[in-house]
Amino acid sequence: MFRASSWFEWPASRSRRENIAIQSGIVLLIGLVDYASGWQVSWSTVYAYPVALTAWYVGIGWAYALSLLSVIVYTAGDVATGFQFDNWLIPVWNALIRLVLYAILIHMLAYIRSLTLGLEQRVLERTAELRREIAERERLERELLEVGERERRQLGFDLHDGLCQHLTGTALAVQVLSEKLTRRGIPEAAEAGKAVDLIEDGIALSRKLAKGLQPVEMHAGGLMQALQDFAAATTDLFKVSCQFECEAPILFSDISTADHLYHIAREATANAIKHGHAHNVVISLEARDEGTILTVTDNGAGIPMPLPKKRGMGLTIMAQRAKLIGASFDIRPAPNRGTVVTCVLPHPAGASDAVFETNKERDPHYV
Amino acid sequence: MSDKKHEILLVDDHPLVREWLASLINQQPDLAICGEADSAQEALDFISMRNPDLAIIDLSLKESSGLELIKTMRAAHPNVAIVVLSMHDERHYAERAIRAGARGYVMKRETTKKIISAIHQVLSGKLGVSEEVAALFAERFVDNKPRTWTPVEELSDRELEVFRLLGQGLDTRTVANRLQISIKTVQAYCARIKDKLNLANATELLREAIRWNESNAA
Numbered sequence: 001m002f003r004a005s006s007w008f009e010w011p012a013s014r015s016r017r018e019n020i021a022i023q024s025g026i027v028l029l030i031g032l033v034d035y036a037s038g039w040q041v042s043w044s045t046v047y048a049y050p051v052a053l054t055a056w057y058v059g060i061g062w063a064y065a066l067s068l069l070s071v072i073v074y075t076a077g078d079v080a081t082g083f084q085f086d087n088w089l090i091p092v093w094n095a096l097i098r099l100v101l102y103a104i105l106i107h108m109l110a111y112i113r114s115l116t117l118g119l120e121q122r123v124l125e126r127t128a129e130l131r132r133e134i135a136e137r138e139r140l141e142r143e144l145l146e147v148g149e150r151e152r153r154q155l156g157f158d159l160h161d162g163l164c165q166h167l168t169g170t171a172l173a174v175q176v177l178s179e180k181l182t183r184r185g186i187p188e189a190a191e192a193g194k195a196v197d198l199i200e201d202g203i204a205l206s207r208k209l210a211k212g213l214q215p216v217e218m219h220a221g222g223l224m225q226a227l228q229d230f231a232a233a234t235t236d237l238f239k240v241s242c243q244f245e246c247e248a249p250i251l252f253s254d255i256s257t258a259d260h261l262y263h264i265a266r267e268a269t270a271n272a273i274k275h276g277h278a279h280n281v282v283i284s285l286e287a288r289d290e291g292t293i294l295t296v297t298d299n300g301a302g303i304p305m306p307l308p309k310k311r312g313m314g315l316t317i318m319a320q321r322a323k324l325i326g327a328s329f330d331i332r333p334a335p336n337r338g339t340v341v342t343c344v345l346p347h348p349a350g351a352s353d354a355v356f357e358t359n360k361e362r363d364p365h366y367v
Numbered sequence: 001m002s003d004k005k006h007e008i009l010l011v012d013d014h015p016l017v018r019e020w021l022a023s024l025i026n027q028q029p030d031l032a033i034c035g036e037a038d039s040a041q042e043a044l045d046f047i048s049m050r051n052p053d054l055a056i057i058d059l060s061l062k063e064s065s066g067l068e069l070i071k072t073m074r075a076a077h078p079n080v081a082i083v084v085l086s087m088h089d090e091r092h093y094a095e096r097a098i099r100a101g102a103r104g105y106v107m108k109r110e111t112t113k114k115i116i117s118a119i120h121q122v123l124s125g126k127l128g129v130s131e132e133v134a135a136l137f138a139e140r141f142v143d144n145k146p147r148t149w150t151p152v153e154e155l156s157d158r159e160l161e162v163f164r165l166l167g168q169g170l171d172t173r174t175v176a177n178r179l180q181i182s183i184k185t186v187q188a189y190c191a192r193i194k195d196k197l198n199l200a201n202a203t204e205l206l207r208e209a210i211r212w213n214e215s216n217a218a
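Residue numbers (our numbering), protein chains in the order written: chain B, 1 to 367; chain D, 1 to 218.
Chain D on its own, in the form it takes in the complex (with noise of 0.2 angstroms):
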């Protein structure tokens, strides 16, 4: 390991949060913050100016998604690698965090055991997410129903675009209206792309379709 200090940015609107964030850090004889941002704007600036080699950042910011700024920061500059900070369970949130491109997803209550190492993993180019997370990551590959790389070319014509509607964020109602067809016509063609993609719920279907419609667009 070099002598030098891999150099932090901290991306979090709560002042206490990133006061002893930082000093923990700091801590790390190979971590050293470089510079705190409580907003998406703030961190940007920052990082044009000063290339960090990693970025914390927590999901939920004022006035701005960490989200976007993670899609922003991966686009602009790829060479900074993300670990994401939340309040919010990462059953619901790390898949679609490491897809919007951070490599690392700490859940906020588990912060003091986890952010130090989940930091060293990443930075060694590795996932930095829990057990659990990774586990669930692993069975979507290793499953026989592979999600991620679901054949959606298997939809017909019109299921496709029901699903890429949906992924816009329409409801069903409004997708009726799109294609001009009923409401129960949407419900099964939604029944049908259920079992085609192998999704358990209403869910589940949305998530993929907001999903697929994003990697798409990407």
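For reference, chain B alone in the conformation it holds in the complex (with noise of 0.2 angstroms):
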């Protein structure tokens, strides 16, 4: 109701001309009612309301001007209410002693002032720095996430395409050599058939290192294949059921996006095995109107709410990933019990209809 503040910040919602106006006005006003209530009632503090309000809102120079008015108005008041001085030095000095209390709170102000906006002017630049730190680690982030994925998926390709090719070309010179060996009549020749052997192990080897780097085969289809292998490999390998369901086919033009949703429905399912003792994974993957969702639901033993301040990595990279296909991350308990993790990709603003066309005629592997 009255607070303090209320009565010193009222003025800032004006102009500067109507703050003189009314400051001026309120001076007059008090020299009213200190003309009304006679000579012996002394009114000449309150003058330093209105002259105080001036020296914050409007300036030093017009601070004066009002002290001045306010000095004329009281003493014009007291002349009039028929005061009769001893000696017209008196009230000269009575007015000069309040313009200098006047001044004194003027410049008091104003110094007050320059500090408060100082700082104000200092902590609007460091928040400004901080947002661009902020930004900067953010872009920093997404950058140290997409150069990994790269690497990774280069390196993927790079064992698929390259290595591979090459081993199956020393397999075939070996071969080759085997094959002219026996027809010599030399038994080295069995030698040189187990170094095939052992050349097409390597082959299938890095064949499985390939495909651990580079899991979603670069085709549209390649998500829907990915997860479903990765789906049955989790029933396998952990002895739990590990469904991937997936109603109409949802196909990814770009292998990026398609990595990341791979990488999510990835982490959340170790995550609900090794933290949650899940028995039941259900990944499913699904077109809405608002969007591609992803969700990877367990039976586990849930995650408290809310999440921890200090989280596992596990779940900022996730969320991370889900932040650079421009999608959304959410995790929260099943209703049941255990947890369910899910992101909205919104659809591509205005996706033509050739995409996946053109990706198919492209693609010699488009399933």
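Honestly, the hints are just simulated from the structure, not real lab data.
Here the structure is a predicted model, which means the values were calculated and not measured.
Even for Gly, the Cβ is constructed at its ideal location relative to N, Cα and C.
Some hints could be false.
[Claimed, not checked] If you anchor each label on the Cβ, the simulated ranges turn out as follows:
hint : chain 1 : residue 1 : chain 2 : residue 2 : range
1    : D       : 39        : B       : 146       : 37 to 43 angstroms
2    : D       : 214       : B       : 235       : 28 to 34 angstroms
3    : B       : 121       : D       : 180       : 55 to 61 angstroms
4    : D       : 214       : B       : 330       : 36 to 42 angstroms
5    : D       : 184       : B       : 121       : 53 to 59 angstroms
6    : B       : 198       : D       : 142       : 35 to 41 angstroms
7    : D       : 179       : B       : 123       : 54 to 60 angstroms
8    : D       : 91        : B       : 314       : 27 to 33 angstroms
9    : D       : 139       : B       : 330       : 38 to 44 angstroms
10   : B       : 152       : D       : 79        : 43 to 49 angstroms
11   : D       : 214       : B       : 180       : 41 to 47 angstroms
12   : B       : 152       : D       : 179       : 35 to 41 angstroms
[Stated by the list, open to error] Below, a sample of chain B positions facing chain D; criterion: calculated Cβ distance under 7 angstroms:
hint : residue
13   : 163
14   : 164
15   : 203
16   : 248
17   : 249
18   : 288
The task is to assemble the complex, starting from two chains supplied on their own in separate frames and drawing on the hints.
Printed below as a string of structure tokens:
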């Protein structure tokens, strides 16, 4: 109601000109009351109120002008009520004393004001700086994740299309040698044959590595296939039931988006089994009006709500991945028990019909 | 067997593989490499000049698709038998390659042991695929859910329309937009199609739709 601040902040919303008019009006109003109450009652300190407001909101010059006005009004009031001074110097002296008092008030306020403004300015600058730093760090984090992904994919590609091909050539060369040895009846032919087996094992190994590094194959249906393989492998490996559910085909023209969704699903599943001790995990991929939705639901121990401030890297990276592809990320306890992770990827604006068709043309392995 | 060696064209964009595969094949008494190519265009140019008995084709060629090459060859040079050589898993790609017109499929990691027998099989008019793939094909044929001969006619007009659009490589939302129905409805259709055609999941549905689309376009 009568907060001190409301007595001092109301002029802030008014213009400079309005303030000069209003404060002068207040001075005249006080002068009127002063005159009416007679010369014996002193009102001199009350004039400090409009003077102080003028000093803060208008400026030192106008504050001095208002001080002078106050002194004139005050003295004029006294004279008008018929007070007789013994000496004309006395009212002049009193007026001067009051002026000095107002001057001190005006300068103190001006000083405090400059301090406050400086502080505000510094806070603003610092905040802007912090914001810039945060944005920069987020950009770096994204970049880091993206660089890692790119490197990983590239490595997978090199292994699959470079090393494996090279090893195939090598195996063929040794096979040629082995057959030549056989034809000449040299017993070491068998050893050459073994070498072929070893090289072929090497091909199988590097293929496996490549698959681990680049689980989502580069075609529009790659994510569906990868998630299905992943669910089957998880069921096998951890002796839990891991299902992949997908009613209608969900296609991705962008391998990087598909890749991030795959890793989110994988991380969520790993968490469900490792931390939640779930026996049942369902990964589902679904198209809805609001976008493509990936959910991972488990029947494990669930997670505390609200999420602890200090979270594991897994959660942070999942959220970061979602952010990177422009998807939302949400993790919460499932209705009965367990956890549900949801990722909503909005449909790309104005995606053309032709995207997947051209992709299919270009990609020999479109399934 | 006649004295004349069977002439083979090798289409692969990896020089090392080409070189040693050629050596291996040339070592066989009845086979001879008559040419090598590292792109689809080069392969087609060669075939029109000289008619080989068989072509070995890598599915992933530089800047072109091995599958497209197979289809073109089947149309223009139906007498050239084709064996596919691929880095990719036969479970996912063999059927597609055979359907496109190849007579054999060998995974690169098994090339050394299997390519020669696959070539011989194909040259004698049989399918040159691994036992696993042969078993897969047989299963499909004998299975009481014969996918290859699925009565697509059983689909309602609307379901067939959805199936056809999916086969063109459109995603669910685009199909919904095209048919002016909701995504939910498309999903309901997909579920019914999967039921009717006895398909396990969306990946199979997509594969089946693309396959059907291709065989109907051909």
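Run through the hints listed earlier and report the numbers of any the structure violates, in increasing order.
The structure breaks hints 1 and 13; every other hint is satisfied.
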